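2 protein chains.
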Amino acid sequence: VLEKIPLKEGNTEARIIHFYSSILDASPKVSALKPNYAFFAQYGFEGLRALRELIAKYKGKYPIILDAKRGDISTSAGAYAREIFEFYGADATTVSPYTGSDSIKPFMQFPDCFSYVLCRTSNPSAGELQSLKAGGKPLYLHVAQNLAALDEGKGLLGAVVGATAPKELRTIAKVLSPAKGPLLIPGVGSQGASAKETAKILKRAYGENVHLCLINASSSINYAYLEQKTEDFAGAALKEIERMNKEIHIR
Amino acid sequence: VLEKIPLKEGNTEARIIHFYSSILDASPKVSALKPNYAFFAQYGFEGLRALRELIAKYKGKYPIILDAKRGDISTSAGAYAREIFEFYGADATTVSPYTGSDSIKPFMQFPDCFSYVLCRTSNPSAGELQSLKAGGKPLYLHVAQNLAALDEGKGLLGAVVGATAPKELRTIAKVLSPAKGPLLIPGVGSQGASAKETAKILKRAYGENVHLCLINASSSINYAYLEQKTEDFAGAALKEIERMNKEIHIR
Numbered sequence: 001v002l003e004k005i006p007l008k009e010g011n012t013e014a015r016i017i018h019f020y021s022s023i024l025d026a027s028p029k030v031s032a033l034k035p036n037y038a039f040f041a042q043y044g045f046e047g048l049r050a051l052r053e054l055i056a057k058y059k060g061k062y063p064i065i066l067d068a069k070r071g072d073i074s075t076s077a078g079a080y081a082r083e084i085f086e087f088y089g090a091d092a093t094t095v096s097p098y099t100g101s102d103s104i105k106p107f108m109q110f111p112d113c114f115s116y117v118l119c120r121t122s123n124p125s126a127g128e129l130q131s132l133k134a135g136g137k138p139l140y141l142h143v144a145q146n147l148a149a150l151d152e153g154k155g156l157l158g159a160v161v162g163a164t165a166p167k168e169l170r171t172i173a174k175v176l177s178p179a180k181g182p183l184l185i186p187g188v189g190s191q192g193a194s195a196k197e198t199a200k201i202l203k204r205a206y207g208e209n210v211h212l213c214l215i216n217a218s219s220s221i222n223y224a225y226l227e228q229k230t231e232d233f234a235g236a237a238l239k240e241i242e243r244m245n246k247e248i249h250i251r
Numbered sequence: 001v002l003e004k005i006p007l008k009e010g011n012t013e014a015r016i017i018h019f020y021s022s023i024l025d026a027s028p029k030v031s032a033l034k035p036n037y038a039f040f041a042q043y044g045f046e047g048l049r050a051l052r053e054l055i056a057k058y059k060g061k062y063p064i065i066l067d068a069k070r071g072d073i074s075t076s077a078g079a080y081a082r083e084i085f086e087f088y089g090a091d092a093t094t095v096s097p098y099t100g101s102d103s104i105k106p107f108m109q110f111p112d113c114f115s116y117v118l119c120r121t122s123n124p125s126a127g128e129l130q131s132l133k134a135g136g137k138p139l140y141l142h143v144a145q146n147l148a149a150l151d152e153g154k155g156l157l158g159a160v161v162g163a164t165a166p167k168e169l170r171t172i173a174k175v176l177s178p179a180k181g182p183l184l185i186p187g188v189g190s191q192g193a194s195a196k197e198t199a200k201i202l203k204r205a206y207g208e209n210v211h212l213c214l215i216n217a218s219s220s221i222n223y224a225y226l227e228q229k230t231e232d233f234a235g236a237a238l239k240e241i242e243r244m245n246k247e248i249h250i251r
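In order, the protein sequences belong to chains A and B.
To convert, note that position 127 of the first sequence is 127 in this note's numbering; the numbers rise steadily by one, no gaps.
To convert, note that position 251 of the second sequence is 251 in this note's numbering; the numbers rise steadily by one, no gaps.
Okay, chain A solo, but in the shape it has when bound (with noise of 0.2 Å):
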């Protein structure tokens, strides 16, 4: 968010361009980019510029996820397909699930372009619906087993788990790993959950494949610099970075 870029000179799309050109040209060791749309479209059209240009400036680079939260039924979900991959020109994405198929098959359409579905999110009322328990599973778990059977081994669509639920994580690690589906995982960092006891759930249920399993961090690799109490908010970002890393061993 604007109030947390220290940066004064240039217009928002130009202050957001340069703080996170600033971390990423400076080469940290990340395995994909993944913007929230949210972050950049409470700028209007000056934060969505700002997006667009990040997306084009990395792409290849990196994978990027654009993190959107797409959920809507049939046509319109293809013309946020279209929004996601061809406008902004994302690698990937974050849906909903609560529309059902219907919702999710036009992000399928979409030649190397892959979606992670809500499985069990990362916030304090994930459960309100997610837990509740159907036919004597939890919701998380259908859609886990719903996308799995969607997917038919495709690998297009992975799951979004937050490392708040490590017990749920388990679950799903459980059911999306041996057709090799994709995890996106938030909750590390600021959020409070431990990224050495996520790696090491992750370790146990995807073995080689672990590399399929994304551990994200946003605000505390972004702000690391007030954490630091530095001015050089790009050595911040990458020194938590490259604590991060070797928490997770992953790389």
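These aren't lab readings, by the way, just hints derived from the structure by calculation.
Every value quoted in this text rests on a predicted model; they were computed, and no experiment measured them.
It cannot be assumed that every hint is accurate.
It does not matter which identical chain is meant; a pair holds if it fits inside one copy or across any two.
[Claimed, not checked] With a straight-line Cα cutoff of 25 Å, these simulated DSS-like cross-link-like pairs (lysine-lysine) come out:
#, residue 1, residue 2
1, Lys-105, Lys-4
2, Lys-133, Lys-167
3, Lys-105, Lys-174
4, Lys-57, Lys-200
Add chain B to chain A, keeping to what the hints say.
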């Protein structure tokens, strides 16, 4: 969608604005406008500029429901609420319930703005999750009761319920009508549900408060000129609106 807009002059932005303005400037008897974010966003910035301009043009004349189906956790939800209510200036929006109440609360912080929570949608795969029974109750009923509890009778939250599911519509109307919770009802028109039957169900539940229920048709109105085999798309839309209004006897 652009392919169905029978106007060849101007760029994408101009054609979208011209098309919808022509219909709306003919003063149709409608209760609200419900632009679908996806259909504008698929055309990138030109589409989004048209969306914003149309909202600015008709704000105050009609309540504007920006159908964006946002659904993300707390701070992201707050950013989405700013996008919808501040940047686009909509009066209302649609939100997904999958991540629970902390994704809905930020939308309740905007004075005079309200939100429709997806409850039972109108699409073929809606039931996959929404009809699962937990604790003897289908998921959509959990959602309806949760949102009624969260709203505490303030009237800031309503529900999206497809007219294609009349039994579910009846159940949800029963939950929300005592506290005058508004309903947004897609599914009539090109999706096949009967406007007349829908209006009957709503009148029975809401009585004199039936104006809180908005029956929504989009394609069948916008593209009525195709059905009516005419080039006068604004006239055809008016004719279809009048036909529907007569059927539901609401105005």
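Run through the hints listed earlier and report the numbers of any the structure violates, in increasing order. Per hint list: single violation, 4.
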